[in-house]
Amino acid sequence: MAYVFVEHKIGEWSEFENIFRSDMARRRRLGSKGGRVFRSPDDPSLVYVVFEWSDRDGAREFANGLETHEAMKWATSGVWSIVNVVDDVFETEA
0 MAYVFVEHKI GEWSEFENIF RSDMARRRRL GSKGGRVFRS PDDPSLVYVV FEWSDRDGAR
60 EFANGLETHE AMKWATSGVW SIVNVVDDVF ETEA
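Everything in the sequence shown is counted per numbering that gives the first Met the number 0, starting at 0 for the first residue and increasing by one.
What the hints contain is simulated information worked out from the structure, not anything from laboratory work. One or more of the hints may lead you astray.
The calculated lysine-lysine pairs, modelled on DSSO-like cross-linking and capped at a C-alpha distance of 27 Å, are [what the hints assert, rightly or not]:
(1) K72 <-> K8
(2) K32 <-> K72
(3) K32 <-> K8
Can you make the complete structure from the sequences, with help from the hints?
This is the structure in structure tokens:
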């Protein structure tokens, strides 16, 4: 199992949310199994997204794809984004 961690500095929340939601079909087509969106309580312009991916190759294709980077530019008003692909190593109960 692979994961894509994305950290965004966004402008307007509603614009980010609309663009993010509209990109769901493309993410699914590339192998995304879903994800979670988090927002900093101290700085609402900081948004963190964790996607679960069926395989590392699909995760990398998504992370490195031109469409992904264009969507991130639109969704963040061009501020900035950091994307990392990681492997699931182990789970802990606490």
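Going through the hints against the structure:
{"no.": "1", "hint": "K72 <-> K8", "result": "10 Å, holds"}
{"no.": "2", "hint": "K32 <-> K72", "result": "23 Å, holds"}
{"no.": "3", "hint": "K32 <-> K8", "result": "24 Å, holds"}
The structure meets every hint from the earlier list without exception.
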